[in-house]
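Student: Protein chains in written order, with my numbering: chain A, 1 to 462; chain B, 1 to 253.
If you're looking for bench data, these hints aren't it; they were derived computationally from the structure. Please note that a few of the clues may not be correct.
Claimed, not checked - The following residues of chain B were derived to be distant from chain A, with all beta-carbon distances above 10 Å: (1) Met-1; (2) Phe-5; (3) Ala-50; (4) Thr-57; (5) Glu-71; (6) Gly-85; (7) Thr-105; (8) Ala-109; (9) Ala-114; (10) Ala-123; (11) Gly-136; (12) Lys-230; (13) Trp-247.
As the list claims (entries may be wrong) - Each pair of labels, with its calculated beta carbon distance range: (14) Ala-30/A with Leu-97/B: 50 to 60 Å; (15) His-192/B with Gly-383/A: 52 to 62 Å; (16) Leu-304/A with Ser-253/B: 53 to 63 Å; (17) Asp-78/B with Thr-2/A: 43 to 53 Å; (18) Ala-83/B with Asp-209/A: 33 to 43 Å; (19) Ala-83/B with Thr-393/A: 23 to 33 Å; (20) Leu-304/A with Ala-217/B: 26 to 36 Å; (21) Val-93/A with Ala-83/B: 45 to 55 Å; (22) Lys-288/A with Ala-177/B: 50 to 60 Å; (23) Leu-304/A with Glu-71/B: 50 to 60 Å; (24) Thr-2/A with Gln-74/B: 26 to 36 Å; (25) Arg-26/B with Glu-21/A: 39 to 49 Å.
Heads up, the beta-carbon is just placed ideally off N, CA and C, and yes, glycines get one too.
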Amino acid sequence: MTRESLTGWGRTQPSVADVLEVTDSTDTAAAVAGAGPRGVLARGLGRSYGDAAQNGGGLVVRLQGLAGDVVIDALRAEATVPAGLSIDHLLRVIVPRGFFVPVTPGTRFVTIGGAIASDIHGKNHHADGSFGNHVTALDLLLADGSVLAIGPHNNPELFWTTVGGMGLTGVVLSATIRLIPIESSRMSVDTDRLPDLESLLAAMTDGDDNYRYSVGWVDLLAKGKHLGRSVLTRGDHAPAAQLAQREDALAYGPRQLVTVPSFAPPSGVLSHPAVAVFNELWYRKAPKHRVQELQSIATFFHPLDGVGAWNRLYGARGMVQYQFVVPMNRDDVLRRAVELLSAARVACFLAIIKRFGPGNPAPLSFPIPGWTLTLDASSAASGLPELFSALDTLVLDAGGRHYFAKDAHIGPEAVRRGYPRLAEWQTTRNAIDPQRKWQSDLARRLALLSEGPLDGLLGEGD
Amino acid sequence: MQNAFGNPQQVLLLGGTSDIGLAIVRAFDPSSLRRVVLACRDAAKGELLAQELRTDTLAVDVVEFHAEAVEGHQAAIDAIAAATGEIDVAIVAFAQLGDSTVTTTDAAAAAALAGINFAGAVAATIAVGNRMRAQGHGSIVVVSSVAGERVRMANPVYGGSKAGLDGFAQGYGDAIAADGVHVMVVRPGFVHSQMTAGMDPAPFATTPNKVAKIVVAGLRSRRRMVWAPKVLRPVFSALRHVPGPLWRRLPLS
């Protein structure tokens with residue numbers, strides 16, 4: 001056990017915890033039993049941006065060493081995997097055998113446990129939903145040390161409380177997930193360059209259903225008639241017939257090209273002019289309209305993984321992500337948000353718009369049918385807290401919500417407005433962990449474990 | 001918990017009637033701030049101030065606290081933490097100016113002033129530090145003075161106690177950094193406040209609200225030291241090297 005300062009991928013809000021690497025479920029159960037008053041939390045690869053995988057003053061268990069092989073059931077297109085395994089590792093095993101993960105986020109360096117805890121989504125949300133939709137069974141280590149097998153038809157309340165439950169119901173030890181059969185490791189991609197936000201939203205509304213994957217990159221620095229100019233990329237797994245050479249159709253070996261060194265300038269390199277130049281080039285380089293371009297899985301899904309530790313580009317003070325979703329009929333909020341962001345001249349290097357499909361039964365799952373916008377910015381950017389506050393009001397007033405895996409700034413009130421089923425989640429959660437063994441910095445910041453009205457909770461100590 | 005911008009949810013103000021301390025509390029983002037504890041000698045005065053601070057979303061408690069009673073500091077802080085939960089930011093703001101004509105001649109009066117400004121503040125900082133170490137995070141704002149750089153002859157006991165506190169806080173901040181606790185030393189110049197009422201302002205005089213703004217910005221970027229106003233840093237950096245005979249003739253001394 002070591003005492004370590006932990007942050008999320010955004011490198012803000014550090015806290016110090018006892019960190020224990022576990023190698024089997026018995027170790028994990030023993031660690032949980034020995035946890036003190038500040039509780040315990042499982043941490044995967046630390047790719048959530050804020051404080052979700054931190055537990056200051058308490059215990060944090062890392063499960064990457066949790067032994068176990070990937071077991072593939074090719075007939076049912078399912079795989080049973082240890083929860084500490086990364087999507088990176090899993091893809092290297094399953095792609096050559098003709099399968100793909102049901103959902104991948106913009107990085108492949110997340111664990112299966114983390115994918116379930118955050119109920120992650122990807123470019124196929126409109127077609128396939130979020131990660132939890134594809135989990136058929138999982139083993140959950142409970143606060144009392146016992147292991148429970150649950151699934152969507154086996155103790156569904158606890159299953160859906162765990163999906164999107166931010167690790168606060170227990171430790172997912174292993175999971176069985178449905179896979180997508182693929183004929184090749186290439187993507188067939190259509191690209192459209194769109195001059196403004198209206199045309200992006202129209203193109204997505206009209207055409208997304210023809211594609212399994214769809215996402216829009218938005219230049220948030222563009223102004224006036226260029227406001228919201230975007231590059232829309234949509235595609236599907238390429239059939240083997242589309243490849244020139246059929247024999248290595250399933251070859252897969254993504255590489256990291258460079259790593260940002262730890263001595264990167266503490267002030268960061270993503271200044272406003274640098275981002276403006278990047279955005280201009282990125283927009284210009286995209287074709288006006290191109291169809292059926294073959295791209296690798298890494299290029300299409302995980303472009304940033306080519307640069308190791310890219311979060312260091314934001315400097316010592318780190319970066320913040322902001323991701324919200326508003327209902328489909330509130331695209332006015334999306335437009336207003338893009339206007340505010342453009343007017344504020346905040347250097348956003350990555351801004352993504354996606355049209356979500358239906359949500360799932362998990363009370364704390366983020367996606368609802370609607371528009372999601374995600375962006376990142378240097379946490380040192382002036383005026384950012386005020387800008388985020390203004391966005392929060394817009395989003396919450398429209399019946400929208402924030403994504404826990406990205407969030408690093410909201411408070412308990414915003415969760416209670418954005419997630420009306422919080423109390424339902426708490427009831428199921430508290431029944432299996434009345435002593436609040438599972439804790440995290442995120443749970444403390446958002447008062448996720450505290451029932452009842454917020455003013456009553458002001459009087460709460462430990 | 002502090003959010004990504006360093007805005008706290010729960011704050012402990014030691015020296016709960018301090019103008020600078022209260023200005024810092026008011027400068028925090030009200031949408032994050034949920035609870036403030038005012039620890040002060042005069043609980044009745046603290047309660048009046050608490051009534052001004054309270055809102056629908058901000059709870060304010062008042063706890064009686066005597067800076068010189070160092071034996072009780074740990075127990076007092078632990079009791080506050082037990083009732084409050086996390087302490088995200090603690091501000092060590094209490095100090096007395098003392099009557100320089102008395103403290104420079106009366107040994108016991110000098111020791112009593114140092115007992116509040118130095119020993120009391122050191123004990124309170126350590127008591128809070130212990131608590132924050134256990135929670136693995138937190139920021140301690142130690143209100144020092146430009147005297148941390150050079151003590152003025154106008155009030156050597158006050159200045160000396162602040163200089164001692166300043167040095168302690170820097171060293172302690174380094175010692176406790178690995179435990180996740182951030183200590184920030186604030187070096188204000190002359191501040192128009194209750195404490196300095198009726199005094200002739202020194203050059204570069206500032207106000208509690210301006211000091212507070214600098215403190216909040218410093219917490220956001222996790223600075224180890226901030227000056228208020230900022231210009232005092234180069235000014236005192238130069239003054240530190242001024243020979244004694246000349247220093248004694250300067251208006252700042």
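Student: Next step is simple, just say for each hint if it's right about the structure.
Tutor: Each hint, compared with the structure:
1. Met-1: violated (4 Å)
2. Phe-5: Violated, because the least Cβ-Cβ distance between Phe-5/B and chain A comes to about 5 Å, which does not exceed 10 Å.
3. Ala-50: holds (14 Å)
4. Thr-57: violated (7 Å)
5. Glu-71: holds (24 Å)
6. Gly-85: violated (5 Å)
7. Thr-105: Fine: 47 Å to the nearest Cβ keeps Thr-105/B off the interface.
8. Ala-109: holds (39 Å)
9. Ala-114: holds (33 Å)
10. Ala-123: holds (22 Å)
11. Gly-136: The claim breaks: Gly-136/B does not keep its Cβ more than 10 Å from every Cβ of chain A (closest is about 3 Å).
12. Lys-230: holds (16 Å)
13. Trp-247: Non-interface label on Trp-247/B holds, nearest chain A Cβ at 36 Å vs cutoff 10 Å.
14. Ala-30/A with Leu-97/B: 50 to 60 Å: holds (57 Å)
15. His-192/B with Gly-383/A: 52 to 62 Å: violated (29 Å)
16. Leu-304/A with Ser-253/B: 53 to 63 Å: holds (57 Å)
17. Asp-78/B with Thr-2/A: 43 to 53 Å: violated (27 Å)
18. Ala-83/B with Asp-209/A: 33 to 43 Å: Once the Cβ atoms are compared, 56 Å apart, the range 33 to 43 Å for Asp-209/A and Ala-83/B is violated.
19. Ala-83/B with Thr-393/A: 23 to 33 Å: holds (32 Å)
20. Leu-304/A with Ala-217/B: 26 to 36 Å: holds (31 Å)
21. Val-93/A with Ala-83/B: 45 to 55 Å: Check passed, 52 Å falls within 45 to 55 Å.
22. Lys-288/A with Ala-177/B: 50 to 60 Å: For Ala-177/B against Lys-288/A, whose Cβ atoms are near 53 Å apart, the range 50 to 60 Å holds.
23. Leu-304/A with Glu-71/B: 50 to 60 Å: Distance hint for Leu-304/A, Glu-71/B holds at roughly 56 Å.
24. Thr-2/A with Gln-74/B: 26 to 36 Å: With Cβ atoms ~27 Å apart, the hint holds.
25. Arg-26/B with Glu-21/A: 39 to 49 Å: With a Cβ separation near 45 Å, Arg-26/B and Glu-21/A satisfy 39 to 49 Å, so the hint holds.
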